[in-house]
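Start counting the sequence shown at 82; every next residue gets the next number (this note's numbering).
There may be inaccurate statements among the hints.
Unchecked claim - As a list, the in silico DSSO-like pairs of lysine-lysine whose alpha-carbon atoms are at most 30 Å apart:
hint	residue 1	residue 2
1	Lys-114	Lys-171
2	Lys-166	Lys-84
3	Lys-166	Lys-192
4	Lys-114	Lys-192
5	Lys-192	Lys-171
6	Lys-84	Lys-192
7	Lys-84	Lys-114
8	Lys-166	Lys-114
9	Lys-171	Lys-84
Unchecked claim - Simulated restraints, written as ranges between beta carbons of each label pair:
hint	residue 1	residue 2	range
10	Ser-127	Glu-197	18 to 24 Å
11	Val-153	Gln-110	16 to 22 Å
12	Gly-150	Ala-195	25 to 31 Å
13	Ser-107	Val-153	27 to 33 Å
14	Arg-193	Asn-126	18 to 24 Å
Think of the hints as simulated: they come from the structure by calculation, not from any bench. For clarity, every value in this text was computed on a predicted model and none was experimentally measured. Heads up, the beta-carbon is just placed ideally off N, CA and C, and yes, glycines get one too.
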Amino acid sequence: MQKAVIFLVEDFELLSDSLCELIPFSGHQVVLKASTLEEALQIVNSGQLRERGVNVAVVDGNFPSIEMGREVFGGPIVARAIRDKEPSIKIIAHTASSAKEATYGDVYAGKRYAPESLFEAITSL
């Protein structure tokens with residue numbers, strides 16, 4: 082991929098801010114970010130992904146949210162919403178879980194590895 086235009090979904094603020102600073106050094110750009118399930122779904126449903134030309138979503142899998150009175154992990158929910166609204170967007174599962182558990186993404190990039198593994202995953206799409 083030449084240049085990714087990225088939607089970043091990450092609940093850990095320090096990591097989100099760091100990725101927003103580092104990703105441009107790999108030739109890509111973060112144009113939208115969300116830190117909660119509600120915020121991510123609002124962005125997806127509002128048409129902002131298309132308006133901003135997003136072609137890659139980097140989605141944390143394990144950010145907790147309350148849905149219908151029970152705690153759920155938001156990553157798969159956000160990924161499903163993106164696929165429903167904008168099926169051409171590639172999704173990177175960026176999570177501390179194993180690749181086996183991160184089936185919601187087109188590509189897996191583990192958080193336990195250096196940021197370069199995420200950059201490589203973005204470029205591979």
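* Below or equal to 30 Å on CA atoms is what counts here, so check Lys-166 against Lys-192. => 26 Å, holds
* Assess, step by step, whether the Cα of Lys-171 is no farther than 30 Å from the Cα of Lys-84, and give holds or violated. => Holds, because 13 Å separates the two Cα atoms, which is no more than 30 Å.
* To do: Take a quick look at whether Lys-114 and Lys-192 sit within 30 Å of each other, Cα to Cα.
  => Roughly 17 Å between the alpha carbons, so the hint for Lys-114 and Lys-192 holds.
* Asked: Going straight from one Cα to the other, do Lys-192 and Lys-171 come out at no more than 30 Å?
  -> Judged against 30 Å, a Cα distance of about 18 Å means the pair holds.
* **Pair hint Lys-84 and Lys-114, alpha-carbon separation not exceeding 30 Å** => Distance ~17 Å between Lys-84 and Lys-114 Cα, so the pair holds.
* Whether the CB-CB distance between Ser-127 and Glu-197 falls inside 18 to 24 Å -> 32 Å, violated
* Asked: Between Gly-150 and Ala-195, does the beta-carbon spacing fit 25 to 31 Å?
  -> 39 Å, violated
* To do: Given the range 27 to 33 Å, decide if the beta-carbon distance of Ser-107 to Val-153 lies inside it.
  => 31 Å, holds
* Asked: Does the Cβ pair Val-153, Gln-110 satisfy 16 to 22 Å?
  -> 30 Å, violated
* When you check the alpha-carbon spacing of Lys-166 and Lys-84, does it fall within 30 Å? -> 22 Å, holds
* Holds or violated: 18 to 24 Å for the Cβ distance of Arg-193 and Asn-126? -> 32 Å, violated
* Pair hint outcome, Lys-114 versus Lys-171 [Cα-Cα no greater than 30 Å] -> Given pair Lys-114, Lys-171 holds - Cα atoms ~16 Å apart, limit 30 Å.
Hint compliance for this structure: hints 10, 11, 12, 14 are broken, all remaining hints hold.
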